[in-house]
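Asker: Below, each chain spelled out in residue letters.
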Amino acid sequence: MTKKLVTAPRKGQKILGEIKKTINQTPAASWCKWSNHSQR
Amino acid sequence: MNTGRSLSFIIKTVNACNLNCTYCYAPKIQCGKHQTISEDIQIKLIKGTVDLGIENVQIVWHGSEPLIAGIDFFKKALEIQGKFGQSWQIFQNVMQTNATLIDDSWVQFLKENKFGIGVSLDGPSDIHDANRLTKNGKPTHYLVQENYLRLKANNCDGGICAVVNTDCLQSPKRIVDYFSDLQVPEVDLLPCFAAETNYSNDSKSISADEYAQFMIRAFDRWIEIDNPNFRIRFFENVLRLLMGGGSQFCKFRPDKCSNFLGIDTDGSVYPCDLFVGYDDWKLGSLADDDLSTILFSDRKRAFYRCMENVNEACFDCQWYRMCWGGCSLHRYLADKNLQKLSVFCESRKEIFSHISKSIELAPPKIQHKTLRASPGNSITKPTAVYIDLGPICNSKCYFCAASSTEQNVVESIPSFNISCLKQARKQEVESLIISGGESTIHSDILSFITRAKGMGFKRIELQTNGKKLSNQEFLKELIEAGITDFGISLHGDTPDLQDAITQSSGSFIKTIKAIENINLLFGPNPPLAVNCVVTPENKERLKSIVSLLISYNVSTIKLSYLHGTGRAKSLLLDGHWPSKLDFQPYILDGIRECERKGKTNTSMTIEAYPSCIMPDYEMYSSDFFITPIYRTNPDGSIYKFHTREDRVKGPNCDKCTLFQYCLGPWKEYPDLFGWNEFKPLSKPIEEIFENMDMTK
Numbered sequence: 237m238t239k240k241l242v243t244a245p246r247k248g249q250k251i252l253g254e255i256k257k258t259i260n261q262t263p264a265a266s267w268c269k270w271s272n273h274s275q276r
Numbered sequence: 012m013n014t015g016r017s018l019s020f021i022i023k024t025v026n027a028c029n030l031n032c033t034y035c036y037a038p039k040i041q042c043g044k045h046q047t048i049s050e051d052i053q054i055k056l057i058k059g060t061v062d063l064g065i066e067n068v069q070i071v072w073h074g075s076e077p078l079i080a081g082i083d084f085f086k087k088a089l090e091i092q093g094k095f096g097q098s099w100q101i102f103q104n105v106m107q108t109n110a111t112l113i114d115d116s117w118v119q120f121l122k123e124n125k126f127g128i129g130v131s132l133d134g135p136s137d138i139h140d141a142n143r144l145t146k147n148g149k150p151t152h153y154l155v156q157e158n159y160l161r162l163k164a165n166n167c168d169g170g171i172c173a174v175v176n177t178d179c180l181q182s183p184k185r186i187v188d189y190f191s192d193l194q195v196p197e198v199d200l201l202p203c204f205a206a207e208t209n210y211s212n213d214s215k216s217i218s219a220d221e222y223a224q225f226m227i228r229a230f231d232r233w234i235e236i237d238n239p240n241f242r243i244r245f246f247e248n249v250l251r252l253l254m255g256g257g258s259q260f261c262k263f264r265p266d267k268c269s270n271f272l273g274i275d276t277d278g279s280v281y282p283c284d285l286f287v288g289y290d291d292w293k294l295g296s297l298a299d300d301d302l303s304t305i306l307f308s309d310r311k312r313a314f315y316r317c318m319e320n321v322n323e324a325c326f327d328c329q330w331y332r333m334c335w336g337g338c339s340l341h342r343y344l345a346d347k348n349l350q351k352l353s354v355f356c357e358s359r360k361e362i363f364s365h366i367s368k369s370i371e372l373a374p375p376k377i378q379h380k381t382l383r384a385s386p387g388n389s390i391t392k393p394t395a396v397y398i399d400l401g402p403i404c405n406s407k408c409y410f411c412a413a414s415s416t417e418q419n420v421v422e423s424i425p426s427f428n429i430s431c432l433k434q435a436r437k438q439e440v441e442s443l444i445i446s447g448g449e450s451t452i453h454s455d456i457l458s459f460i461t462r463a464k465g466m467g468f469k470r471i472e473l474q475t476n477g478k479k480l481s482n483q484e485f486l487k488e489l490i491e492a493g494i495t496d497f498g499i500s501l502h503g504d505t506p507d508l509q510d511a512i513t514q515s516s517g518s519f520i521k522t523i524k525a526i527e528n529i530n531l532l533f534g535p536n537p538p539l540a541v542n543c544v545v546t547p548e549n550k551e552r553l554k555s556i557v558s559l560l561i562s563y564n565v566s567t568i569k570l571s572y573l574h575g576t577g578r579a580k581s582l583l584l585d586g587h588w589p590s591k592l593d594f595q596p597y598i599l600d601g602i603r604e605c606e607r608k609g610k611t612n613t614s615m616t617i618e619a620y621p622s623c624i625m626p627d628y629e630m631y632s633s634d635f636f637i638t639p640i641y642r643t644n645p646d647g648s649i650y651k652f653h654t655r656e657d658r659v660k661g662p663n664c665d666k667c668t669l670f671q672y673c674l675g676p677w678k679e680y681p682d683l684f685g686w687n688e689f690k691p692l693s694k695p696i697e698e699i700f701e702n703m704d705m706t707k
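From first to last, the protein sequence lines stand for chains L and S.
For the first sequence, this note's numbering gives the first residue as 237, with consecutive numbering after it.
For the second sequence, this note's numbering gives the first residue as 12, with consecutive numbering after it.
Some hints here could point you the wrong way.
[Claimed, not checked] Just the calculated beta-carbon pair ranges, DEER-fashion: (1) GLY685/S / GLY253/L: 56 to 64 Å; (2) ASP309/S / ASN260/L: 22 to 30 Å; (3) GLY253/L / LEU582/S: 30 to 38 Å; (4) ASP299/S / LYS250/L: 51 to 59 Å; (5) THR258/L / LYS184/S: 27 to 35 Å; (6) GLY253/L / PHE427/S: 54 to 62 Å; (7) TYR153/S / ILE259/L: 34 to 42 Å.
[Stated by the list, open to error] Straight-line alpha carbon distances no greater than 27 Å define the calculated DSS-like cross-link-like pairs of lysine-lysine that follow: (8) LYS163/S / LYS250/L; (9) LYS524/S / LYS311/S; (10) LYS250/L / LYS184/S; (11) LYS690/S / LYS580/S; (12) LYS376/S / LYS250/L.
[To be verified] Going by beta-carbon spacing under 7 Å, a handful of chain L positions derived as facing chain S: (13) LYS247; (14) GLU254; (15) ILE255; (16) LYS257.
To be clear, the hints were calculated from the coordinates, so they are not data collected in a lab.
Glycine included, each C-beta is placed from N, C-alpha and C at the ideal position.
Please put together the full structure from these sequences, using the hints given.
Answerer: Dropping the structure here:
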């Protein structure tokens, strides 16, 4: 009988997946991240 | 002038607060006796951003507690931005507040004016209220949480800054769960680190190691929750770096403090808000000087050099390309010396290592720009026109390929060049390269550039020895006229070496100052390439020259073999000039130094060096990226030219894997040195282009 090999899924799949969507965008440096609003 | 750069100003809006937090680092000044940053200082600041061509201006209204200044103060601040800012500028305003003074009128104002909001909230009530108290010792948690939720309900997007102090150390999971349950989109977990400030009450301060242990447990909980809509800044940026991306967080960026200035209430300017109060690093004051004077001041230059010169041990650390030497302040705190290792060095390593193992991703290696570029040889239509303004120069490099003649001022640029520009524009060419001799010594260089810009050239590169750009006002004029990119020549890493090669006293200091000026004006990723001709005098200094250029954020470093035209011809003919193979070990040293220290934006190429003389570093040959250009005739016409026409292939070159990409040596070279040093490569091309190990 062959034993099935089980690999634990990598942690944080959802977070990593979301980061992957924008990984090629070079983010601008920001003092705080929640400041992406332009006044004009 | 618009340099397209971004700069954040963290302003100590007022020097008083309505709370009495136990760990507060700010001087205790009573409300009513406090000082608010003046309108005059704000006007000078905004005018300064215009003068320096800063397109994206972020203003972080920090405190003590900025809301004490009142809504009318901020209405006036926005009015100043509107009145003195320019239409090409984008202003972002951010309010960092304890949120206790928020009411409906503040919510409406912040929402209407699209402020980013940062609220100080440490976690659940027992943890928050252990430290964040009113002047009368009353708790504030309920009020802060309620006001945060009120802002959030009104789409005033914001995040939370939480201070990790001694009261938090046993509760990382509970703190993370609290923010997760509150549905906070962004949280920053900042260490309460007494040594970080001049004023700190250290009773609630934690050690770097305690911070690491807290963050590791907090990460484990955060990654277990695995909610992409709940981000913790430190962790998210570490993950981005491990996945090969860039970081937004200044502490994890190679450009460090370049994007920031801290402004104290009285107008004093510091490299960042963390340095406010450290008089060692006060750069100047807007009360006395304009922003440009401060940016180009000796103190700012000194800080910039100290910031760039990270500890030598960092370059051999596996985490170098994540922490880039650490926060400047954290380095300064170690014995008041920015060249020391960060006080958080071991702590960072522990956190990085834990996260790396948890998500099974290794530390990032250098990503060389050349590896992502397309071979230029496949491009056939010229995209640039090359204007040669003649051999007149204000230096006298002994190997000059243009046979320059020394002269300090030249009258006007021959008019046929304008006809050539018109011809190039008819061919829809948008890129212009201005070279010489020394182009900046022409009396009408600025009007020539302005005219070229007016014709529609989008990219105008100035090739120069940089000496005249040591004057920042002239540099600004060049940019205002239309220069977008700089190609500077530097052949030594010391005054003795550079001045001897250029036969021009003081040239090293001037050229370095020019490079520094471009850095200070453009900030991170300056549009700056530097060419260094390899000579018997500088060959053993190539490693040091490369290191120096990396520390100046030069985006493209080019090492070139002598081109045997002009004065250089006799050097080759006299039979004493070293062969390409003779220079090989030194050039490889330079490449390895680039791979060891290179930043995200660093790129390096070796000119006129066929790949077969650079084993394992074949992709560094500039041949892969050279495209055809238009050159000019004195009758005002232009013709297509490719460097290939000045190169030659050898008898065995057709057996080489890279035959169609390599251009061979300069055509005069084999007559003097023969073909023995050129050996056909049999390595598969895929291996050269894609599988090169950049960490050797």
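Asker: Confirm or reject each hint.
Answerer: The hints, checked one at a time:
GLY685/S and GLY253/L have their C-beta atoms about 58 Å apart, which keeps the hinted 56 to 64 Å range intact. Distance hint for ASP309/S and ASN260/L: a CB-CB separation of about 40 Å, inconsistent with the stated range 22 to 30 Å. In this structure the hint that GLY253/L and LEU582/S lie 30 to 38 Å apart at CB is violated, the actual value being about 59 Å. For ASP299/S and LYS250/L, the Cβ-Cβ distance of about 53 Å falls inside the hinted range of 51 to 59 Å, so the restraint holds.
Distance hint check: the CB atoms of THR258/L and LYS184/S are about 28 Å apart, consistent with the given range 27 to 35 Å. Look at GLY253/L against PHE427/S: about 59 Å separates their beta carbons, and that is inside 54 to 62 Å. For the pair TYR153/S and ILE259/L, the supplied restraint of 34 to 42 Å holds, since their beta-carbon distance comes to about 40 Å. Taking the CA atoms of LYS163/S and LYS250/L, the gap is about 24 Å. The hint holds against a cut of 27 Å.
The suggested pairing of LYS524/S with LYS311/S holds, with an alpha-carbon distance near 13 Å, which does not exceed 27 Å. A distance of roughly 19 Å separates the Cα atoms of LYS250/L and LYS184/S; the hinted pair therefore holds under the 27 Å criterion. Straight-line distance between C-alpha atoms of LYS690/S and LYS580/S comes to about 25 Å, which keeps the hinted pair within the 27 Å bound. Proposed proximity of LYS376/S and LYS250/L is supported: the alpha carbons are some 25 Å apart, at most 27 Å.
Residue-level restraint check for LYS247/L holds (minimum Cβ-Cβ distance to chain S is 5 Å; threshold 7 Å). With a cut of 7 Å, the hint placing GLU254/L at the interface with chain S holds, because the nearest CB-to-CB distance is about 4 Å. Using the Cβ-Cβ criterion of 7 Å, the hint placing ILE255/L at the interface with chain S is satisfied: the shortest such distance is roughly 6 Å. Taken as an interface hint, LYS257/L does not check out: its beta carbon lies about 9 Å from the nearest beta carbon of chain S, beyond 7 Å.
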